[in-house]
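For reference, each letter of the sequence shown is one residue, going 1 to 1071 in UniProt numbering.
Heads up, a few of these hints could be off.
As the list claims (entries may be wrong) - Straight-line alpha carbon distances no greater than 25 Å define the calculated SDA-like cross-link-like pairs of lysine to any residue that follow:
hint, residue 1, residue 2
1, K178, V123
2, K229, H73
3, K670, K720
4, K721, N659
5, K771, T716
6, K243, R297
7, K1003, E966
8, K785, I692
9, K1003, T716
10, K638, I692
11, K101, F619
12, K181, L350
13, K132, D225
14, K670, E602
Unchecked claim - Derived CB-CB ranges, DEER-like:
hint, residue 1, residue 2, range
15, K184, E846, 25 to 31 Å
16, N305, L42, 47 to 53 Å
17, P90, T218, 33 to 39 Å
18, S189, V301, 49 to 55 Å
19, R1010, G955, 32 to 38 Å
Keep in mind the hints are simulated off the structure, nothing from the lab.
Don't be surprised by glycine CBs; every beta carbon is placed ideally from N, CA and C.
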Amino acid sequence: MFPRRTASILPSAKTMISGAASAAATIMLLRSLVREYLPPELRSYIFYRFETLINSFSSELTLVIEEYDNLNHNNLFKAAELYLETIIPPDARKLKISLPKKESKFSLSLDRYQEVVDTFNGVTLKWKFNSKQVPMKHVPSSDNFNFIRISEDRFFELSFHKKYKDMVIDVYLTHVIKKSKEVKDDKRSLKLFTLDHDRMSGRRGNVWQSVDLHHPSTFDTLAMDMEAKRTVMEDLDRFVKRKDFYRRVGKAWKRGYLLFGPPGTGKSSLIAAIANYLKFDIYDLELTDLRTNSDLRNLLVSIENKSVLVVEDIDCSIELQDRLAEARATRPPRHDPAAFNHVNQHKVTLSGLLNFVDGLWSGCGDERIIIFTTNHKERLDPALLRPGRMDVHIHMSYCTPCGFKTLVSNYLGLTDHPLFPRVEALIEIAKVTPAEVGEQLLRCEEPESVLTGLIEFLEDKKSERSKREDENKDNNKESGAAEGKLAQELDGNSDEMVKKEVNGSIGEAVKKEEGAQEADGENESLLDSTCRNPQVFWRPRTMFPSRTATIIPSAKTMISAAASTAATMMLLRSLVREYLPPEFRSYIFYRFETLINSFSSELTLVIEEYDNLNHNNLFKAAELYLETIIPPDAKKLKISLPKKESKFSLSLDRYQEVNDTFNGVALKWKFISKQVPTKYLPTSDNFNSIPISEHRFFELSFHKKHKDMVIDVYLTHVIKKSKELKEDKRSLKLFTLGHDRMSGRRGGVWQSVDLHHPSTFDTLAMDMESKRTIMEDLDRFVKRKDFYRRVGKAWKRGYLLFGPPGTGKSSLIAAIANYLKFDIYDLELTDLRTNSDLRNLLISTENKSVLVVEDIDCSIELQDRLAQGRARMRSRHDPAAFNEENQQQVTLSGLLNFVDGLWSSCGDERIIIFTTNHKERLDPALLRPGRMDVHIHMSYCTPCGFKTLVSNYLGLTDHPLFPRVEALIEIAKVTPAEVGEQLLRCEEPESVLTGLIEFLEDKKSERTKREDGNKDNNEESGAAEGKLAQELDGNNCEVVKKEVDGSNGEAVKKEEGAQEADGENGNIVKG
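Using the sequences and the hints given, assemble the complete structure.
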């Protein structure tokens, strides 16, 4: 039925190639003419007019949303990115997936040239993501502080009918921004901010650095009276709903709270509960880190809305003198240059703070909570206490029966028990903090034993309290008589000093007391206590002549045709590369790929190494996971031996594939790597940038109906398995401070070395009972993640190791690290200058770690907070003392907040260990539960310790000389280090043990002689002290006064506090 002449109508291959060559030559000639004779501006104008002509036949309008608008971040781009994640259709065939650093939720986004169709109010809108390579340029980083180099231009195109332009711009895009904020709030973690000294340049957004806040405290877990909690929550609810009210009455939309009460009563927990309740970030302001009032203002304008600003220990973090004293302090410098320089070195004043809290600068932001904390409300200036500055005063008192019921419900799951009435009666009398009660409830999980132990603890506290009150009465009588006599002597000899004290200190104290009483009456509230296309097979029919067999071409013809086709393809390839821009070529390939994939039911997730300049944690997890599922018949792999590692690492080579099966679902992994123009990306520690010219990514393909299962379950399984592999391969690390890298950037502060300390609990020279107690406490700690979150406590544990040198404190630390497989961070407090340095160090430590502060009593002077205030008072009048003081500004308040405040929750599963040779020198505030939960006495070597040592050193479990050695060890008081040194002398047991006995005999004789000498010295020193006391009574009244009021008073107070703190500790283990 076909005419025979139709075959001659079809052009031959030769004719086609000739025509293509002529067309190519013509195009190349035209291109050369255009480039030679038309300037770039005219060429761009012609192309623009050509595009305009094409678009004139279309009714479509396209909005271009670029990532950067004239080097500034385009917030609409980020909003569109978040919004499109919510409207990705279920039939999407290719997506990008990432896991941002320190995030727990995956992020999905469109791959290049992918399109998504949306419908809004009956209008169809089409989103398209584009990306193209551009010349290297510098743009500001996300914090606007540094510049980053980018070579990629990313933008969205939003297309719709032009008649809907106004609706899209005014309504739809507003809807996009609103939905993106909801997605962002749902995904984001609360942040805890601190000052970054190296970036305090006055630019907004540059002063603070943050870490994720995962503090588990809520109002449900707080040990407060129900009425007090309800009052606080109602006040917070009322505050956040009254934006229009605050604007109508002309007040800044802020609220001030004062939390006051003794240590351990839950002030930091209440702050965290408020932040979790409101979902507000926390800005922790350390006033001692600031130099001027202008610094305060710069900080305030850099704080975001919907935030909680915290100033802890306001009474001692900085000297806030009354304003009249400020004026007097600034007068002397006119004729005293040294004093002038001293005064101007630190000028954060009470006036500056008041203006910061309640002046013009307080209106620079909305919906802010300002919280002050103190242990001594009476020390605060009345001007700070008035409404508008501290609107609500919340007394955080000792644990109440209601607080106990909350604690026991959280810790043990009990709502009632026969022992409850006895506990509640004792709690009313014993005056213990919620932290102390919580530590007792942590001891074990058996309710009867825990409550019985708590009753014994409360009985002891009750007895101690009664005894202390009786002693205070006697001391008050004696001190009253002594002060009366001293006052008479001072009246005769020190009129000028008394006058200054009366007019200065006493007058100010009276004024403050009166002001405090007046301010209490002004406060609003005073509280006492989270087609199926079938394939067609053509068969020969009778209509075709039998000569069709001759139609089959010969081999020569086929080779000629293949050569012609190849030549044509090469020509077309050259034409495409020469005349089509890369973006257009990519778009054509994308459309071709889309066409092919339209017949497939497969979905592909792209896991790139970097997600918009940030490390993609999912890429590294996939890399580790695939090492465990490489099939035995793999034909090509990459193998390496990382630095300082002992195990080889296997990985896929480029374009290699691995199949996996999970819950009956088949999945295919493919590794791809391709060359790209060089770009600069941050290193793993975010401290430096490195040039990258390779784009590495994995493709994970599976049936699209399993999309939710793969994203929610399978990828979580991948991350879990990768963590297990990482833990199995890694070596323990010992970290120390890298001073050349302490630039305030996280990840760059610590430097490490592999830790290969051989100490274990088997080799420790401690009593078996003590070792067992410690191991049980550690086991209980690491297994109780959900428990700590339920009770609202940071997942950490504090230990104090105290005892003479050589008793094995460092060995015990290494044994704990080896037992838990935790890294060790060795913190040297003398290397730090400010409290903010402490916080920066804490947020740069990883989870599952041991933080060690050795020799806490002498590594830094941690005086009590009242003494800190007196030191600042002296520095006002002594410039040299001021300079000396400011050389080291790590304070006790800063250390306490570091150990047990908000910052202690910035991480999970941490052990904090302090060591000291003199426990009695430590401030009682450091010793309480929640800071040093377990006190371990590292004593002299015991018979049990000797047996462990001789077993480790000589391999002996018994010997006739053992009884003699054990008897002497009880008397001689030698350390395990000394015994170990004797056991190292030779390898012959008899000689070693004989030498050890001689050594112990000598130590016994020395000890006896030393004790006799001490008795004689005590008698002589007693007589000398009596004589000296008489002389001082007669001639040095002023000195005596200073000693009585200052040193002796503090010493008595510290001794009483130390005795009280010893009774507060949750566990005391004697080793």
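Each hint, compared with the structure:
no.: 1; hint: K178 to V123; result: holds (19 Å)
no.: 2; hint: K229 to H73; result: violated (42 Å)
no.: 3; hint: K670 to K720; result: holds (20 Å)
no.: 4; hint: K721 to N659; result: holds (17 Å)
no.: 5; hint: K771 to T716; result: violated (37 Å)
no.: 6; hint: K243 to R297; result: holds (23 Å)
no.: 7; hint: K1003 to E966; result: holds (14 Å)
no.: 8; hint: K785 to I692; result: violated (40 Å)
no.: 9; hint: K1003 to T716; result: violated (61 Å)
no.: 10; hint: K638 to I692; result: holds (20 Å)
no.: 11; hint: K101 to F619; result: holds (11 Å)
no.: 12; hint: K181 to L350; result: violated (39 Å)
no.: 13; hint: K132 to D225; result: violated (61 Å)
no.: 14; hint: K670 to E602; result: holds (14 Å)
no.: 15; hint: K184 to E846: 25 to 31 Å; result: holds (26 Å)
no.: 16; hint: N305 to L42: 47 to 53 Å; result: holds (51 Å)
no.: 17; hint: P90 to T218: 33 to 39 Å; result: holds (36 Å)
no.: 18; hint: S189 to V301: 49 to 55 Å; result: violated (24 Å)
no.: 19; hint: R1010 to G955: 32 to 38 Å; result: holds (35 Å)
This entry does not satisfy hints 2, 5, 8, 9, 12, 13 and 18, going by the numbered hints stated previously.
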